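All residue numbers for the sequence shown refer to my numbering, where the first residue is 139 and numbers rise by one.
Read the hints as simulated data drawn from the structure, not as lab findings. Keep in mind that the hints are not guaranteed to be accurate.
What the hints assert, rightly or not - Within a straight-line C-alpha distance of at most 25 Å, the following computed PhoX-like cross-link-like pairs (lysine-lysine) qualify:
#1 K205 - K177
#2 K193 - K205
#3 K371 - K205
#4 K193 - K417
#5 K371 - K193
#6 K177 - K371
#7 K417 - K371
#8 K417 - K177
Unchecked claim - Derived CB-CB ranges, DEER-like:
#9 D161 - P250: 42 to 48 Å
#10 Q336 - A380: 33 to 39 Å
#11 D401 - A380: 18 to 24 Å
#12 T354 - D198: 18 to 24 Å
#13 D401 - T323: 29 to 35 Å
#14 T376 - L414: 16 to 22 Å
From a predicted model like this one, the values you see are computed outputs, not experimental measurements. Ideal placement from N, C-alpha and C gives every residue a C-beta, glycine not left out.
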Amino acid sequence: MAPAQAASPSVDLDAYFARIGYDGPREPTLAVLRALHQKHPDAIAFENVDVLLGKAISLDPAAIDAKLITAGRGGYCYEQNGLFKRVLTALGFEVQGLMARVLWMVPDGAPPRPRSHMVLGVRAPGDDTVWLADVGFGGCVLTAPLRLFSDEVQATPNGEFRILPVAELGGERQVQANLSGRWATTYQVAPTGLWADQDYEQANFYTYAHPSSHFTWSLTVGRVTPSARFALKNNRLTWRDADGALVEQRDLSADELETTLRDVIGLPVEPAWRPLIEKIVAWGTPA
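Based on the sequences and whatever the hints tell you, model everything.
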C-alpha cells in the first residue's frame, strides 16, 4: 500500500454514529474498525435508486452526508466507501482508496471489465497489517475487514472470505466469498497505486451515466444484518442466512417490492418512486 494521501474532508462523527447505531470507543483500533464495518452495511443500504430516477450521483462530501446520513438513504461504492474513508481518517486510521475489477456473476470467458469498484486499504497506527475494508458491494458486502495480504480463509459475521494472489498479474489479489461450500469471486484488487478522491470522478460518471453500466438499467439493492443478507436485482429478492446459505428467492409484485424496500432494506420510500417501482417489476429479473 502506498503512503497515505492528505486527509479527506471531515465528517460529523456524532451524526454518523447515530445513523449506524454505534456508541463505542472512538479510537483507531482494530476492534473499532470491526465494529463500524459490521454496523455500516446494516444501517446504510446499497442502492442505485437515484440513478434509475435519472439523477446524477455527486461525490461531494456534503452531498453524500446529506443523502446517506441525514436523509436515511443508501448509495453505491463511491458514496459508501467515500463516507467510510472520511470516518476512518477522522478517527486516526491511515486510509488509502483502491480500485477493483468486479468479477461477481461475470460469465466465464466474458471480456475483462474496467476497474469500477472503490475499496479501501486501512492501517491502524503502529500496525503494518493492511486491512481491506469495503462497505459498498451490494448484497455480498463485507461485514468485517479482511487481511489484504493473507491467503487464509477469514471468517466474518456473515460468512467466510479469502483473498488469493493472481499469479499472472503480479501483486493483484482476488477476493472470494464462500457460498455454501462454493467459492465465488467478487472482485480483483490492485493493492498498489494512489487513488486521490478526485480520481474516482470519472469512474463515478461512467457508473451513473453510461448506457453499458448496469446501474442505469437495473435496480441493485443490498442490506446485510447480523443474521441475513438481502439482495434485490430488479424485483427478484434473494435472502441468504449469515453463513451464505440460500433461504428464499422469489420475484416480487410492485406492492411487495415497495414494502421490501421500506421494511426490509430500510429505505425511506417516497411516493414519487412508485412509477419507477412499477417499471422495475415490468422489466423483470435480468438474465
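Results for each hint:
Distance hint between K205 and K177 is fulfilled; the C-alpha atoms sit about 18 Å from each other, no more than 25 Å. For the hint linking K193 to K205, the alpha-carbon distance of about 13 Å falls within 25 Å, and the restraint holds. The hinted pair formed by K371 and K205 meets the criterion: a straight-line CA distance of about 22 Å does not exceed 25 Å. Distance check on the hinted pair: K193 and K417 sit about 17 Å apart at the alpha-carbon level, within 25 Å; holds.
Taking the CA atoms of K371 and K193, the gap is near 19 Å; set against the 25 Å cutoff, the hint holds. Note on K177 and K371: the hinted pairing holds, with a Cα-Cα distance of about 23 Å set against a maximum of 25 Å. Between K417 and K371, the direct Cα distance comes to roughly 13 Å. Compliance with the 25 Å bound is thereby established for this hinted pair. Distance check on the hinted pair: K417 and K177 sit about 32 Å apart at the alpha-carbon level, beyond 25 Å; violated.
Under the hint 42 to 48 Å, the C-beta atoms of D161 and P250, about 44 Å apart, fit the expected range. In this structure, Q336 and A380 meet the distance hint of 33 to 39 Å, their C-beta atoms being roughly 37 Å apart. A hinted range of 18 to 24 Å for the beta carbons of D401 and A380 is consistent with their spacing of about 20 Å. Our hint of 18 to 24 Å for T354 and D198 holds, since their Cβ atoms are close to 21 Å apart.
Restraint check, D401 to T323: a C-beta distance of roughly 32 Å satisfies the suggested window 29 to 35 Å. At about 20 Å, the CB distance of T376 to L414 agrees with the hint of 16 to 22 Å.
Checked against the numbered hints above, the structure violates only hint 8.
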